[in-house]
Each structure stands twice: as structure tokens, then as C-alpha cells.
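Asks: Chains F and Z supply the protein sequences, listed in that same order.
Each residue of the first sequence is one higher than the one before, counting from 0 in numbering that gives the first Met the number 0.
Each residue of the second sequence is one higher than the one before, counting from 0 in numbering that gives the first Met the number 0.
One should not assume that every hint holds.
To be verified - Taking lysine to any residue pairs in the SDA-like style, the calculated list, with each CA pair at most 25 Å apart, reads:
1) Z:K527 - F:Y107
2) Z:K79 - F:N42
3) Z:K527 - F:T104
4) F:K142 - Z:H525
5) Z:K105 - F:N54
6) F:K142 - Z:P526
7) Z:K527 - F:G98
8) Z:K527 - F:H101
9) F:K153 - Z:E108
10) Z:K574 - F:H101
11) Z:K105 - F:W32
12) Z:K419 - Z:G476
13) F:K142 - Z:I109
14) Z:K105 - F:R155
15) Z:K105 - F:N55
16) F:K142 - Z:A637
17) Z:K527 - F:A141
18) Z:K105 - F:T33
19) Z:K574 - F:R56
20) F:K142 - Z:L528
21) Z:K527 - F:N42
22) Z:K527 - F:E133
23) F:K127 - Z:A637
24) Z:K527 - F:R110
25) F:K127 - Z:I109
26) F:K153 - Z:K164
27) Z:K105 - F:S156
28) Z:K105 - F:R110
29) F:K153 - Z:D106
30) F:K153 - F:Q84
31) Z:K105 - F:S138
32) Z:K105 - F:R56
Claimed, not checked - If you want the footprint, here are the derived chain F segments under chain Z, 3+ residues with CB under 8 Å:
33) 60-67
34) 78-91
35) 110-121
As the list claims (entries may be wrong) - Cβ pair distances, simulated, as ranges:
36) Z:D442 - F:A141: 35 to 43 Å
37) Z:K570 - F:R159: 49 to 57 Å
38) Z:T287 - F:H96: 51 to 59 Å
39) F:S156 - Z:S29: 30 to 38 Å
40) F:R159 - Z:T605: 44 to 52 Å
Worth flagging that the hints you see were computed from the coordinates, not collected in a lab.
Every residue, glycine too, gets a C-beta built ideally from N, C-alpha and C.
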Amino acid sequence: MSVTEKMTSPEAVLERENLAYLGDAKGKSEGEWTPKIVAFCCNWCSYAGADLAGNNRASYPAEIKIIRVPCSGRVNPLFILRAFQKGADGVILCGCHPGDCHYMTGNYYTRRRMALLFSMLDYLGVEKGRTRVEWVSASEGAKFAATMNEFAEKIRSLGRNVRLEDIRCRN
Amino acid sequence: MQRIGVFVCHCGSNIAATVDVAAVAEAAKSQPGVVFATDYTYMCSENGQNLIADSIKEYGLTAVVVCSCSPRMHEATFRKVADKAGLNPYMVEIANIREQCSWVHKDTEIGTPKAISLMKTAVAKVNLNTPLQEGESKVTKRALIIGGGIAGIQTALDIADAGYKVDIVEKTPSIGGRMSQLDKTFPTLDCSSCILTPKMTEVAQHENITLYTYSEVESVSGYVGDFTVEIRRKARYVHEDICTGCGLCMTKCPSKKAKNEFNRGLNTRTAIYTPFAQAIPNVPVIDTEACIHFRTGKCGICAKNCAVQAIDYEQKDEIITEKYGAIVVATGFDLIDLKPFGEYAYNLSPDVVSSLELERILNAAGPTSGHLQRMSDHRQPKEMVFIQCVGSRCEDDRRGKPYCSKICCMYTAKQAMLIKDHYPDVNIHVFYIDVRTPGKAFDEFYRRAVEDYGVDYIKGQVGKVTPQADGTLLVHGVDMLDQKVVEINADMVVLAAAVEPNPDIRKLATMLTLSIDNNNFLNEAHPKLRPVEAATAGVFMSGVVQGPRDIPETVAQAGAAAIKVVGLLAKDKLKTNPCVAQSDELYCNGCSVCQNVCPYGAISYTEKEVRDHGVRDTRRIAQVNPALCKGCGACSVACPSGAMNLKGFSNRQIMAEVDTVLCQ
Ligand SMILES: Cc1cc2nc3c(=O)[nH]c(=O)nc-3n(C[C@H](O)[C@H](O)[C@H](O)COP(=O)(O)OP(=O)(O)OC[C@H]3O[C@@H](n4cnc5c(N)ncnc54)[C@H](O)[C@@H]3O)c2cc1C
Ligand code: SF4
Ligand code: SF4
Ligand code: FES
Numbered sequence: 000m001s002v003t004e005k006m007t008s009p010e011a012v013l014e015r016e017n018l019a020y021l022g023d024a025k026g027k028s029e030g031e032w033t034p035k036i037v038a039f040c041c042n043w044c045s046y047a048g049a050d051l052a053g054n055n056r057a058s059y060p061a062e063i064k065i066i067r068v069p070c071s072g073r074v075n076p077l078f079i080l081r082a083f084q085k086g087a088d089g090v091i092l093c094g095c096h097p098g099d100c101h102y103m104t105g106n107y108y109t110r111r112r113m114a115l116l117f118s119m120l121d122y123l124g125v126e127k128g129r130t131r132v133e134w135v136s137a138s139e140g141a142k143f144a145a146t147m148n149e150f151a152e153k154i155r156s157l158g159r160n161v162r163l164e165d166i167r168c169r170n
Numbered sequence: 000m001q002r003i004g005v006f007v008c009h010c011g012s013n014i015a016a017t018v019d020v021a022a023v024a025e026a027a028k029s030q031p032g033v034v035f036a037t038d039y040t041y042m043c044s045e046n047g048q049n050l051i052a053d054s055i056k057e058y059g060l061t062a063v064v065v066c067s068c069s070p071r072m073h074e075a076t077f078r079k080v081a082d083k084a085g086l087n088p089y090m091v092e093i094a095n096i097r098e099q100c101s102w103v104h105k106d107t108e109i110g111t112p113k114a115i116s117l118m119k120t121a122v123a124k125v126n127l128n129t130p131l132q133e134g135e136s137k138v139t140k141r142a143l144i145i146g147g148g149i150a151g152i153q154t155a156l157d158i159a160d161a162g163y164k165v166d167i168v169e170k171t172p173s174i175g176g177r178m179s180q181l182d183k184t185f186p187t188l189d190c191s192s193c194i195l196t197p198k199m200t201e202v203a204q205h206e207n208i209t210l211y212t213y214s215e216v217e218s219v220s221g222y223v224g225d226f227t228v229e230i231r232r233k234a235r236y237v238h239e240d241i242c243t244g245c246g247l248c249m250t251k252c253p254s255k256k257a258k259n260e261f262n263r264g265l266n267t268r269t270a271i272y273t274p275f276a277q278a279i280p281n282v283p284v285i286d287t288e289a290c291i292h293f294r295t296g297k298c299g300i301c302a303k304n305c306a307v308q309a310i311d312y313e314q315k316d317e318i319i320t321e322k323y324g325a326i327v328v329a330t331g332f333d334l335i336d337l338k339p340f341g342e343y344a345y346n347l348s349p350d351v352v353s354s355l356e357l358e359r360i361l362n363a364a365g366p367t368s369g370h371l372q373r374m375s376d377h378r379q380p381k382e383m384v385f386i387q388c389v390g391s392r393c394e395d396d397r398r399g400k401p402y403c404s405k406i407c408c409m410y411t412a413k414q415a416m417l418i419k420d421h422y423p424d425v426n427i428h429v430f431y432i433d434v435r436t437p438g439k440a441f442d443e444f445y446r447r448a449v450e451d452y453g454v455d456y457i458k459g460q461v462g463k464v465t466p467q468a469d470g471t472l473l474v475h476g477v478d479m480l481d482q483k484v485v486e487i488n489a490d491m492v493v494l495a496a497a498v499e500p501n502p503d504i505r506k507l508a509t510m511l512t513l514s515i516d517n518n519n520f521l522n523e524a525h526p527k528l529r530p531v532e533a534a535t536a537g538v539f540m541s542g543v544v545q546g547p548r549d550i551p552e553t554v555a556q557a558g559a560a561a562i563k564v565v566g567l568l569a570k571d572k573l574k575t576n577p578c579v580a581q582s583d584e585l586y587c588n589g590c591s592v593c594q595n596v597c598p599y600g601a602i603s604y605t606e607k608e609v610r611d612h613g614v615r616d617t618r619r620i621a622q623v624n625p626a627l628c629k630g631c632g633a634c635s636v637a638c639p640s641g642a643m644n645l646k647g648f649s650n651r652q653i654m655a656e657v658d659t660v661l662c663q
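Sequences are here, hints too, so could you generate the full structure?
Replies: As C-alpha cells, then:
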């Protein structure tokens, strides 16, 4: 094996990335790390459910950042890959309950599409626990908050995600 | 680069208590594109709105971010403010720092950075916003009703009474539908034609209603407010405008052996006929298969006898084209085919009849002039067996339906009581799985049949009906409550056959891009909140075409469909949602993937001439009809070429949000 081959072998790349990450993590104490979580919420049910959680003053961690989309079916797998590339530690996708999608079939596509994407991500090393689809209706404020708390807890226990992260994006 | 203004609202203390609003405004100032940022106690108040409007003018803002309550509260308000100040309303984005920030977090330490991050995300998105124009489309102030049963009739009358033009297209020679075949109706036992005929006459005489009977919809194009429909008016061979309805032709017609469909084939009719005496219009049609003139070129008796020369053997089908703003589908139902139910001997014995045949037998205008008779020997039956749920709640999908047909329990109780009223000595046994009577005065009605009329209800199913040599029918069943086998020697057996949508609905659903369920019933736009609207904008539904129901429910739904239609026709122009999909012709390869996922049939294709490396070529390119697109974005994700995008929620906008949420 030539030197360049060695340098560019997947193992080597991985090792370097891990070193970079460890070096980074070493600098900070454990307590300083807060996860970054993206929550895609469809406008008609889940975003309204999130609003209701607020109305009821049900709290969930601030690291959950909601992005409003018209329908869960609007979420392109690319958005999720992008999130991991940019350093997300977890991505959750919320939509209307099956049968309730404002656009009738959007969440059925979501369900199938995400099942595939999540197992592919798992294969790439982004564990299943970091990705999740949840149905939250506009009346389920409590469920929204509970789901977010639970998800954030899960991500904390999994720790920082480095698998797909492009460290050039890190800041 | 945009010139962005950021407006941070205190919402009294609702936001300000847990978010340092001034800090948010301060942080905004260093964001790309932001030229102005401020905070204010109540942005939605008149003063707050003026603040935004004035700043738009003063700083020449091209985009606005309001950090406030949820967009579901005030997005529309702030868009209007922008519009009034001369800024495109779609250049406004909301950062939800109340419901999704100040109300969920307890202190400023957490609330402020979160609010700043939400603000930054909104700024990142609005940087990529483009002005969007709400389209306008015209509304043709005319409605089309497909199907002239009670559903179609009532919808038409309600729309016409509100002052709009309505056309009814009915496939058969007369309007009236199934209701015209019924004898009396539950739960009040009033005579069906006594309450239906006045409505039919009203339709015929209404200045706003045009009737196309013996007609079918041939094609539909266009979209909400502007449908173009071709209607085939089948040749009647009788001029509707000349015929006086005297009926002489029918009495003279020598061909009397045609199956009478209206009486469910229980007797025959002439070749020139109206389906029933009160038919509207009262103009006969010639059944060319039965007519001697059409078969042999001879006869011509009807034409000779017609005093006004209304009969024209040369008449041809005619296609007319009309424009409509709204379409109501009300094509109703039929009973399922009973042939596969061999165990009930429907094919073997004329004395095994369907419930609808019994309605005709009981009807004074029916094949037996209303006398209860066996069709085989015209004897009055003494023992009668009713079998419920024939093909309803049936697991075998090759012959039955999984659903409850809803009306059968009630009409069987009705038929039993009507028979007992006239023939108290007839013994009636009803085999049932459950008796379902949810409805006003329904359970009382059923109990009357049991308690006052002594109808014998047996919980259990019938395994076999065997015709006997003496002409009776041996009914072999089980009584599940007494756990025993029951055998009844019946004179007549009545099958409460399952209801199914008129099979034509499949063809119509394709023409109108409607979705139908596994049983061919129409699907609503939303099963709870939009029960009379189809997913295709401008198309509504009424009656059994949506699911089994009785007359009162049908009429109520007809009214609901009518008010939706009136609400649409009352508008002069329709504003269309500008956040619709758009395909980029440079990338689209015409693969049809997007068309397959669009729930609203909004996508079609055009051939475009393109130059590819200097070579002329024609390419198939997806085109979104903004009047039909609802902006779900399904197509934009399905598109394998990245050609499809959703305005207002474009790939770049969402990616920018993702980036900003994470890189801070
Ligand atoms: C045996 C029996 C007894 C019943 N008794 C009662 C009762 O006592 N009380 C009660 O409330 N309800 C009763 N019902 C239910 C009642 O018949 C229905 O609720 C009612 O008829 C539904 O009306 P509709 O207009 O939806 O359908 P329909 O009456 O079926 O009317 C649909 C119309 O559309 C037309 N059509 C179909 N396809 C096309 C096409 N492609 N183009 C144009 N036109 C088309 C048909 O010819 C028909 O005229 C009974 C039903 C049955 C079967
Ligand atoms: S956004 Fe939805 S409604 Fe619009 S064209 Fe695409 S799939 Fe159809
Ligand atoms: S899916 Fe994309 S490439 Fe295929 S037809 Fe639609 S817009 Fe064109
Ligand atoms: S609108 Fe909520 S999932 Fe489609």
C-alpha cells in the first residue's frame, strides 16, 4: 500500500476525523456540549401542536429548533442529510396522524420514505435513535412537549454525532 | 441583497418576560441584509403596524421579519401591513418567539439566545424570498350536477333558489333516482313519490335549472371556477320540445316484451317508454334494441300515431359543451349483484327477491299494482323470510362488501310493517346479525315492528334457501340466541342486498381526478372537516356516492354541498394561493413521477421545443396548474431531477433555515 493510499483509505480518514473531533471535544468539558436538534413540523398539525405546547406552557429544551414546512411530505431526505452534515445531533420529523394529513397522502409518503432513509443513515453510522418520525396533532400540545423532551434526552445519551458531519462547517 | 427590517415584539410581557427583546433587535442588526431593527410593545396593534409600514417606506425595505407570536396567529395581519405599504406580502417572514420560545422557556438566559436563533433563521429564509403574486381566476356562475336522484335534485334546487344557474345531467330518461322506486319511507312512512314528485316538478319548472336527461358527461377539462364539460345527449328519437307527453305512442307500441328496468325486471314494458308515470320530463324514449322499426325497418306505429310528429327515428346523439364554475357529483348507488349468492337461490326462484324488488311489489304503481304476491304463481305469501346483510359486512370481497350498508335495518322494519298493515296474517321472520338503528326515531321505529307488529327477529344467519317441489322455499338458518337450528318453510324470501356506488363513478372519478376508496365511494377532501368537498377544488359530492345513507341525510348533505357551491359562485374572482409548485424546464425530463404523487391532479405536461447543445429537440415538461395546486410539496420531493420546487418553501429556503439553525 502506497503512502497516499494509506492516507486516503477510509479507515485513515475516519481516524483523522475522530481525532479532530476528540481534540475538539477534549477542549470543552462534558457539561458544555448541548445537542443540536432540528424538528421539521408540518404546518397543519404538528406546528400547531407545538404552538399549543407553548400555550399550555409545557416546556421542552431550547436546543430543539423547529422548521415549519407545509406538510411532512415536503421534507426532502436531502434536508435531513444536510442537517447532519451541518452538525445536527438529531433530526425529528413531525406530521399529522395517518389519515389526517391536510393534503391527504403526504404523511404516507413520509412514513415510507423516512423508513428507508433512517435505515440507510443507520447503516452509515447515524444511529436509529437520532432520527425519528412522530405524528402530533394540533390538539396534542402535551404530546409535542413530551416527545421533544424524550428525544432530546435520547440524543444526550447518544452524545455528539460526528458520522456525517462536515467539520469544515463546525463553528 | 435584500434590505431587511426586523421587528421584535414584546407582546406586553408575554415575550419580554423571558426574552431580552432589545438584545434580539440588536443582534439582528449584524445579520446579512438587515438594514433596520427595532422592538415594540405590541407589533399587532395599530401603532405597531404603522411602525412596520412607515419603516418599509422610510428604509426602502424589500423584506420584513417580525419576531412575534405564531404565524398561525398574525402572519396574515403582517402580510396585509406589507401589502398596504407597497411591499409584496410574501416578503414577510415570522419568527415564532412566543409560542415556540418565550412560553416554553422559563428564563432569559435560555429564551434570549433561542429567540436570536429563531430570528436569524427567519432572516436567512427571507433573504431568499421572492415576491409572489396571488393569481386570479374567473368564476363561471353556473353549476353542474351529475346525477338526478334526490341528492342531485335537492342540491340543484338549493343552488337555483340562491339565484345561480344549474344544469342537471341525468343518465336515465327521468330524474328521481332510487327514491322514485320506493314505496313508503322510514321512519315516518310517508309515500315516497308524494314527497318526491313535487320536488321533481319544481326542478322542471325552475327558471334557473336546465335538465339534461338521458345524457352523460363525456369529458371534463379546466379547473375550479372554469370547467369545460362536454355532455352527450343520447338520442331519444322523440323531440323533447315537441312532445306533449300524451302517452299515445306507448299504448300503441306493439313491442311489449322489453325488460322493465324501473321495476327491476319484474315485468315488461313497451319499446317506446317513460320509466314511470310521473317521469320528469314526461317525454318517452325509444329503446332501439326492442323497437321493431330499428330492428327490421318496419312498424313505425308510434310515429304514425303521434299527433304532433314528435317522433324522429333519424335523431342522433348530440354533444353540447358548457362552462361551469362548480361540479357536484351525485351519481348514487345500486344494489350489488346477487348472482354470486347461490346459497339464497336468488337465481333459482322468482320468489327470492331483493329489497328493491319488494319495494316495487309493494308500490301501487309497481308490477303487481301493490298487491303482495309471489312472482311465480301470484299467490299471496303466508310465511316471509327477510335475510339481512346480504353482501354487507362480508369478508369475502369477491362477492360482498366489508362495510355496513346502513339503510337496510330500517327499510326492512319498514317493509315488514307495511306488509303487516295490509296483510296481518302474514308471518314475517327477519334473520339479522345486528339491528343497527342510530338515528332520530329509528330505534322506536324498529321496536314498533317487534312489539306492536310482532315481527319475528331471529339473531343468526341463513345457510341455505332450497326451493321445494311444492313451490315453497326451505330456509335453513341458525338462531344464535337460542343456539338452535331453525327451518322455515317460506313462501317468499327477501334479500337486503348491500348498497354499492354506481359503477359509473370510476369513469367520472378519472375525468374529474377524484379519489375513491376501496369500495368505489368518493373520498372527501377531509373526512371530518370538509365532508362535502372533493380533493379537486370546485368539485363537491352529495348523496350515496360518498357512502351509504338514507334520504334525510342525503338531503342534509345536498344542502351542505349547495352552500359550498353558492359560496364559490358568489365570488367574482378566485384568489389562488401563490405558494405553489413550479417545475424548472431546464431540469425536468418529463418522467411523470410528480404527476403520480400529486393528490390534486395539478400537474400536466406540455411539449416544449428546446435547444440542447445547438440541437433542436422537443421535450416533455411538467406544468403545474396554480389553480389546482394546494402547495403540499409532495412533487418537489418526489422529483428525481430536482426540477420541481415549491414557491415560499423552496429547497434553498429550507436548506438556509437548516444551516442557520445549526451553524450558530
Ligand atoms: C330498498 C331500499 C329502500 C329504501 N328505503 C328508504 C326509506 O324508507 N327511507 C329513506 O330515507 N331511505 C331509503 N332508502 C335509501 C334511499 O334510496 C337513498 O338514500 C337515496 O335514494 C339516495 O339518493 P341519491 O340521490 O344519493 O342516489 P340515487 O337515488 O341512486 O340517485 C342517483 C342518480 O344518479 C344517476 N346517475 C348515475 N350515474 C350517472 C352518470 N354517470 N351520469 C348521470 N347520472 C347518473 C342515476 O340514474 C340516479 O338517477 C332505501 C334504499 C333502498 C335500496
Ligand atoms: S405541491 Fe402538491 S398540490 Fe402542488 S403540484 Fe405538487 S404535489 Fe400537486
Ligand atoms: S418529477 Fe420532476 S422531472 Fe419528472 S416530470 Fe415532474 S418535474 Fe419533471
Ligand atoms: S399536512 Fe401534516 S403531514 Fe401532511
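Asks: Decide, hint by hint, whether the structure agrees.
Replies: Hint check results:
1. Taken as a hint, the K527 (chain Z) and Y107 (chain F) pair is honoured in the structure, with Cα atoms around 19 Å apart against an allowance of 25 Å.
2. For a cut-off of 25 Å, the pair hint linking K79 (chain Z) to N42 (chain F) stands: about 20 Å separates their Cα positions.
3. At most 25 Å may separate the alpha-carbon atoms for a hinted pair to count; K527 (chain Z) and T104 (chain F) meet this at roughly 15 Å.
4. For the given pair, K142 (chain F) sits about 23 Å from H525 (chain Z) by alpha-carbon distance, which is consistent with the 25 Å threshold.
5. Proposed proximity of K105 (chain Z) and N54 (chain F) is supported: the alpha carbons are some 13 Å apart, at most 25 Å.
6. For a cut-off of 25 Å, the pair hint linking K142 (chain F) to P526 (chain Z) stands: about 23 Å separates their Cα positions.
7. Proposed proximity of K527 (chain Z) and G98 (chain F) is supported: the alpha carbons are some 11 Å apart, at most 25 Å.
8. A C-alpha spacing of about 11 Å is found between K527 (chain Z) and H101 (chain F), which places the hinted pair at or below 25 Å, so the restraint holds.
9. Between K153 (chain F) and E108 (chain Z) the CA atoms are separated by roughly 24 Å; this keeps the pair inside 25 Å, and the hint holds.
10. Under the criterion of a C-alpha separation no larger than 25 Å, the hint pairing K574 (chain Z) with H101 (chain F) is consistent with the structure, at around 20 Å.
11. Among the hinted pairs, K105 (chain Z) with W32 (chain F) is consistent with the structure: their alpha-carbon atoms are about 20 Å apart, no more than 25 Å.
12. Our distance criterion of 25 Å between C-alpha atoms is met by K419 (chain Z) and G476 (chain Z), whose separation comes to about 23 Å.
13. The suggested pairing of K142 (chain F) with I109 (chain Z) holds, with an alpha-carbon distance near 22 Å, which does not exceed 25 Å.
14. Restraint check for K105 (chain Z) and R155 (chain F): satisfied, since their Cα atoms lie roughly 21 Å apart, inside the 25 Å limit.
15. At roughly 13 Å between alpha-carbon atoms, K105 (chain Z) and N55 (chain F) fall within 25 Å of each other, so this suggested pair holds.
16. Annotation: proposed proximity of K142 (chain F) to A637 (chain Z) is violated, straight-line Cα distance about 30 Å (limit 25 Å).
17. Using a Cα cut-off of 25 Å, the hinted pair K527 (chain Z) and A141 (chain F) holds, with the two alpha carbons roughly 23 Å apart.
18. Restraint check: the Cα-Cα separation between K105 (chain Z) and T33 (chain F) comes to about 18 Å, which is no more than 25 Å; the hinted pair holds.
19. Note on K574 (chain Z) and R56 (chain F): the hinted pairing is violated, with a Cα-Cα distance of about 37 Å set against a maximum of 25 Å.
20. Proposed proximity of K142 (chain F) and L528 (chain Z) is supported: the alpha carbons are some 23 Å apart, at most 25 Å.
21. With a C-alpha separation of about 18 Å, the suggested pairing of K527 (chain Z) with N42 (chain F) holds against the 25 Å cut-off.
22. Between K527 (chain Z) and E133 (chain F), the direct Cα distance comes to roughly 22 Å. Compliance with the 25 Å bound is thereby established for this hinted pair.
23. Distance restraint check for K127 (chain F) and A637 (chain Z): the Cα-Cα separation of roughly 23 Å lies within the 25 Å cut-off, and the hinted pair is therefore satisfied.
24. Distance restraint check for K527 (chain Z) and R110 (chain F): the Cα-Cα separation of roughly 22 Å lies within the 25 Å cut-off, and the hinted pair is therefore satisfied.
25. Our distance criterion of 25 Å between C-alpha atoms is broken by K127 (chain F) and I109 (chain Z), whose separation comes to about 29 Å.
26. About 61 Å separates the Cα atoms of K153 (chain F) and K164 (chain Z), which puts this hinted pair outside 25 Å; it is violated.
27. Restraint check for K105 (chain Z) and S156 (chain F): satisfied, since their Cα atoms lie roughly 24 Å apart, inside the 25 Å limit.
28. Of the pairs offered as hints, the one joining K105 (chain Z) and R110 (chain F) is violated, with about 34 Å between alpha carbons and a cut-off of 25 Å exceeded.
29. Between K153 (chain F) and D106 (chain Z), the direct Cα distance comes to roughly 24 Å. Compliance with the 25 Å bound is thereby established for this hinted pair.
30. With a C-alpha separation of about 20 Å, the suggested pair K153 (chain F) and Q84 (chain F) falls inside the 25 Å cut-off, and the hint holds.
31. Pair hint K105 (chain Z) plus S138 (chain F) holds up; C-alpha atoms about 23 Å apart against a cutoff of 25 Å.
32. Proximity of K105 (chain Z) to R56 (chain F) is assessed by CA-CA distance (about 9 Å); at most 25 Å being required, the pair is judged to hold.
33. Check on the stretch 60-67 of chain F: 5 of its residues sit with their Cβ under 8 Å from a Cβ of chain Z, so the three-residue criterion for coverage holds.
34. Coverage of the stretch 78-91 of chain F by chain Z holds in this model, with 6 residues showing a Cβ closer than 8 Å to a Cβ of that chain against a need of three.
35. Using a Cβ-Cβ cut-off of 8 Å, 1 residues of the stretch 110-121 of chain F lie near chain Z, which falls short of the minimum of three, so the contact claim is violated.
36. Restraint check, D442 (chain Z) to A141 (chain F): a C-beta distance of roughly 38 Å satisfies the suggested window 35 to 43 Å.
37. At about 55 Å, the beta-carbon gap between K570 (chain Z) and R159 (chain F) stays in the expected band of 49 to 57 Å.
38. A C-beta distance of roughly 54 Å is found between T287 (chain Z) and H96 (chain F), which places it inside the suggested range of 51 to 59 Å.
39. Checking the proposed 30 to 38 Å range against S156 (chain F) and S29 (chain Z) shows it holds: the Cβ atoms sit about 36 Å from each other.
40. About 50 Å separates the C-beta atoms of R159 (chain F) and T605 (chain Z), a value consistent with the hinted range of 44 to 52 Å.
Of the numbered hints listed earlier, those contradicted by the structure are 16, 19, 25, 26, 28, 35.
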